[in-house]
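J.: Could you put the whole structure together from the sequences, leaning on the hints where they help?
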Amino acid sequence: MSPTVQIRNVTKKFGSFVAVDNLDLSIGKGEFFGFLGPNGAGKTTTIKMITGLYAPTSGSCLINGYDVHTDPVPAKRSLGYVPDQPFLYEKLTGREFLFFVCGLFNMPIAVVKEKIDEYIDIFEIGDFIDKRGEEYSQGMRQRIVLSAALIHDPGVLIIDEPLVGLDPRSSRLVKDVLKRRTTEGLTIFMSTHLLEIVEELCDRIAIIKEGRIIYEETQSAARRSNGQLETMFLELTK
Amino acid sequence: MPQFILILNVKASAFIKNVTDFRPQSVLKNLSSVLIFGGVALGVFLLSRAATGYLLQQAHIGLFLFHRFLSMLLYVFFITVNLGNMIVCYATLYKSEEVTFLMGLPVPHHTIFAVKFIDNFFYSSSTLLLLGLALLLGYGSYFGMSAWFYFFTFAAVLLPFMLTAGVFAVIMLMLLIGVASRVGIRWLLSGIMIVYLSAIYLYFSAVNPVVLVQEVMKHYPDVNAYFGYLDPPFVRYLPNHWVSEFLYWTVNGEPARASWHLLTLFCILATLMLTAWIVARMYYYKSWVNASEARSPVAGRPRFLQVRFMEFGREGILARPSDVVLRRDFWGFFREPSQWLHLLLMFVLLLVFLVSISSLDLRLTQPFLQTISYLVVFLFDGFLIASISLRFVFPALSLEGDAFWCIRSAPVSLRRLYLQKFIGSFLLIVTTAEILSVASTSMLRDSPVLVLVGALCTAFVALGLTSLNLGAGAYFATFREKNPIRIASSQGASLTFLAGMVYLGAVVALLVVPLNRYFEILIIRGTTSAGWLAIPLVAVGILTSIVFAGSTGVGLATLRRDF
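The listed protein sequences derive, respectively, from chains A and B.
At position 105 of the first sequence (counting the first as 1) the number is 1574 in my numbering, and the numbers step up by one without a gap.
At position 310 of the second sequence (counting the first as 1) the number is 609 in my numbering, and the numbers step up by one without a gap.
Careful: at least some of the hints might be erroneous.
[Said to hold, decoys possible] Residues from chain B shown here face chain A by an in silico Cβ test under 10 Å; the list is partial:
(1) Arg619
(2) Arg707
(3) Arg859
The hints are simulated quantities; they were obtained by calculation from the structure and are not laboratory data.
Using N, Cα and C, we set each Cβ at its ideal position, and we do this for glycine too.
T.: Right under this line is the structure:
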């Protein structure tokens, strides 16, 4: 499998504090990759470097062969991103926000209209689509942000804690959508604390602690059942 | 009380940590703040001393008239502090997340009120306090006052005077929030705007500076006598009058009469503080709930603005990414009442300015005075443009807000985004500036050459101020702050404004000598020589290019910072 996301010897320092230390990972096309770690391990920092929100102190992050920092526009063309906090433009409605995101990805208006209707159905957004961002609950914001990340049919989806604030029904909905999209060739890099999600969805995982990878599966493993992952995670991160 | 001290202590510690941050970037930032604030304070001090000297020694207006002018200046100062506190108080007392957090704790509501009021007062008034001190030093040094005068007047006169304006503002705000829940915030803000404009208009109509000057000058050369009988009766109940009277009697060596006015100021301040405390105990929590409920999602809002061609989902003339950013900015602006109402207010002020100068005839017979009158109008135009730039251009990048992740992770060139913001802002600023410049210079019946010079210089100034505010706004960007008014009144914004004033001062300095030469030739020889004006225009162009390149470079570089 050719790597779609490559993180090459990436280090990120904030002053003298090393948040991510010489990280090296490759994720192949269509792979569902779980990125685990305790609080403050460097998960969100890594994700922010992959999406171009942080500049690495050294090393590089490549999406489909393009460096996110030296060649950002082609790299981000195939990128969808769900941040840990689903911040929206408060004065725009959900529909307007989706139009906005599609505009940034240069999608034709006629296609956008159809796609928005499709995602209203997929994530059961309903009439909330025409309410403003400032009127949304956390769960509704999360649905809009997920729609925004998927609506332009990205090749790579980077998700930071995708199920925060979602009720059980919405969580199921999101898991089903993500699972289906990986079978269609979408590469997913997901950071989460929820081990049961990882057990259920991910093909491969890595665990990060204090900025360093302490565990990485080299190939898909059938080891994640009956709470084995939890035991392993607690053992490795204690 | 221990809770009050604990919270203040935490806030003070955070402030101290901030100013004692010795990382190179912070040291550089703090050092540049000290240099710019210090430079401007020095400039105000020198101007204040020179203006006092000029008015008393050259123009011989006398101590009474001088202190009445001071009183008028203090009135405008009072209104500015009052309005500034009311606007910022709404954000700090009613919209702040810190208040929401504290409301969930067993802290009395009036304690939260007191903490946030102190926070708000020093946040919104610190720059004005500094300028007030510089003015005081300039004034005092002319009269050769002792050190205790400065200390006493700052602590016991200037500070209570500004505090009176601030406390009055917060009492009004608490009471008005109740009204807002009935009539709506838009109507209320429009009402407040009309009340403040009326207050300024009625004050100056009643005081009538022209009649006052004529009446006092009838007694020339005994212009230092006390002409208190010329004051309209209501003026005696205003805090600006008490402060100017305190200063008048102090420099006349009559401390007993001066202290009487000081005592009045203290009594009113104490009464207002007590009133604020009582109103806060009775009403702050209720008004906070009212304001929160008014903003709640279920409250709903009328969709009053329909602009079909700006709706998303319509084809535009720009490339798609630029088009959607433009539409987002349009709706973000017009769906935020504090944005369009402020713009409206500023346009009303511009109109008031133009109407005011339309009745003036500043064609003077002395070249230097003619130069001064031309430059004063130019400087005032520049000051208005600097204010509009600060209020609307400086916050432009901060207002990308927490949702900036959306653009940062999209395949969009940040350089193009910056350029788009710059062009949009520049078009607004340059259009307003040119209308103001051409209208004001034409109304003053200046020659076509001077109208053209004014228009060209104004275009440069608009370019310089737009790039300065956008670049500095990116450098000092605070994505967490949603309130554009707070962004435009932050420390970074104050620094930017002062830097803008320094730039404007430099432009005026470049124009003084050539303009004076132009007027000398025009008035004395009766011929025109526009060649004298080409050199300063080139110099202003070079200065503006430096400001533009520096600001844009800083803005672009900081836009790529970690988000």
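J.: Output the numbers, in ascending order, of every earlier hint that fails for this structure.
T.: Checked against the structure, no hint fails, so every one of them is satisfied.
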